[in-house]
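A.B. asks: Sequences and hints are given; from them, build the entire structure.
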Amino acid sequence: DTAVSQTPKYLVTQMGNDKSIKCEQNLGHDTMYWYKQDSKKFLKIMFSYNNKELIINETVPNRFSPKSPDKAHLNLHINSLELGDSAVYFCASSPGTGVYEQYFGPGTRLTVT
Amino acid sequence: QKEVEQDPGPLSVPEGAIVSLNCTYSNSAFQYFMWYRQYSRKGPELLMYTYSSGNKEDGRFTAQVDKSSKYISLFIRDSQPSDSATYLCAASISSGSARQLTFGSGTQLTVLP
Numbered sequence: 001d002t003a004v005s006q007t008p009k010y011l012v013t014q015m016g017n018d019k020s021i022k023c024e025q026n027l028g029h030d031t032m033y034w035y036k037q038d039s040k041k042f043l044k045i046m047f048s049y050n051n052k053e054l055i056i057n058e059t060v061p062n063r064f065s066p067k068s069p070d071k072a073h074l075n076l077h078i079n080s081l082e083l084g085d086s087a088v089y090f091c092a093s094s095p096g097t098g099v100y101e102q103y104f105g106p107g108t109r110l111t112v113t
Numbered sequence: 001q002k003e004v005e006q007d008p009g010p011l012s013v014p015e016g017a018i019v020s021l022n023c024t025y026s027n028s029a030f031q032y033f034m035w036y037r038q039y040s041r042k043g044p045e046l047l048m049y050t051y052s053s054g055n056k057e058d059g060r061f062t063a064q065v066d067k068s069s070k071y072i073s074l075f076i077r078d079s080q081p082s083d084s085a086t087y088l089c090a091a092s093i094s095s096g097s098a099r100q101l102t103f104g105s106g107t108q109l110t111v112l113p
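If you read the sequences in order, they're chains A and B. For the first sequence, the positions run 1 to 113 when our numbering is used. For the second sequence, the positions run 1 to 113 when our numbering is used.
Derived by calculation from the structure, the hints in this document are not laboratory data. A couple of the hints might just be wrong.
Claimed, not checked - The calculated SDA-like cross-link candidates involving lysine to any residue, where the alpha carbons are at most 25 Å apart (straight line), are: (1) A:Lys71 / A:Thr2; (2) A:Lys44 / A:Glu101; (3) A:Lys71 / A:Thr111; (4) A:Lys41 / B:Val111; (5) B:Lys70 / A:Ala72; (6) A:Lys44 / A:Pro61; (7) A:Lys22 / B:Glu45; (8) A:Lys36 / B:Ala17.
C.D. replies: Here it is as structure tokens:
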């Protein structure tokens, strides 16, 4: 059973398109995150939700919009994709806001051409 | 300047060697320190964590934090080819509404059989 799953695994699209990435966790965790990992492996937090409430919103272009329909799901919608959006996007979850241990999904490799 | 700096490597060692992976950080407010391991094309997974200064040992792995010099280390004894991965250090401030992790850029390790 996959703890944190993401779909799709790979996403190749053209500049200007809109795309969504979905994430689901079956760990019963309260907190979920979106991270972006660039080509140099630098992992940077984008958003965090706790029980469907946005609690972390880093300096991210407003073309990126997260949505949490329930505490087991966190989706990421990206409008007007740009070349610089190409990266691996990881979803993660943790038992609560104060817990350091985060469980990561397998990642979605986004390539914008 | 990034808040957590890490030598990207790559680092290549023979099987059985002792490996030393290091990070430095600039934010004195960091209290929790973690090491994540990331295999190729996978999400990061928590390897070890320490709170404040000191050492923590888990099998072949030892995590060490020196807050006076703002230095984080991970030692791997009797390294194995299965240890080949990218190792990410991370740090977190203890206060706040969410445990926001700040990651280093990772060190790529290859253990040669």
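A.B. asks: For each hint, tell me whether it holds in the structure or not.
C.D. replies: Structure-based check of each hint:
About 17 Å separates the Cα atoms of lysine 71 (chain A) and threonine 2 (chain A), which keeps this hinted pair within 25 Å; it holds. Between lysine 44 (chain A) and glutamate 101 (chain A) the CA atoms are separated by roughly 16 Å; this keeps the pair inside 25 Å, and the hint holds. Taking the CA atoms of lysine 71 (chain A) and threonine 111 (chain A), the gap is near 28 Å; set against the 25 Å cutoff, the hint is violated. Among the hinted pairs, lysine 41 (chain A) with valine 111 (chain B) is consistent with the structure: their alpha-carbon atoms are about 19 Å apart, no more than 25 Å.
Between lysine 70 (chain B) and alanine 72 (chain A), the direct Cα distance comes to roughly 36 Å. Violation of the 25 Å bound is thereby established for this hinted pair. About 14 Å separates the Cα atoms of lysine 44 (chain A) and proline 61 (chain A), which keeps this hinted pair within 25 Å; it holds. Distance check on the hinted pair: lysine 22 (chain A) and glutamate 45 (chain B) sit about 20 Å apart at the alpha-carbon level, within 25 Å; holds. About 33 Å separates the Cα atoms of lysine 36 (chain A) and alanine 17 (chain B), which puts this hinted pair outside 25 Å; it is violated.
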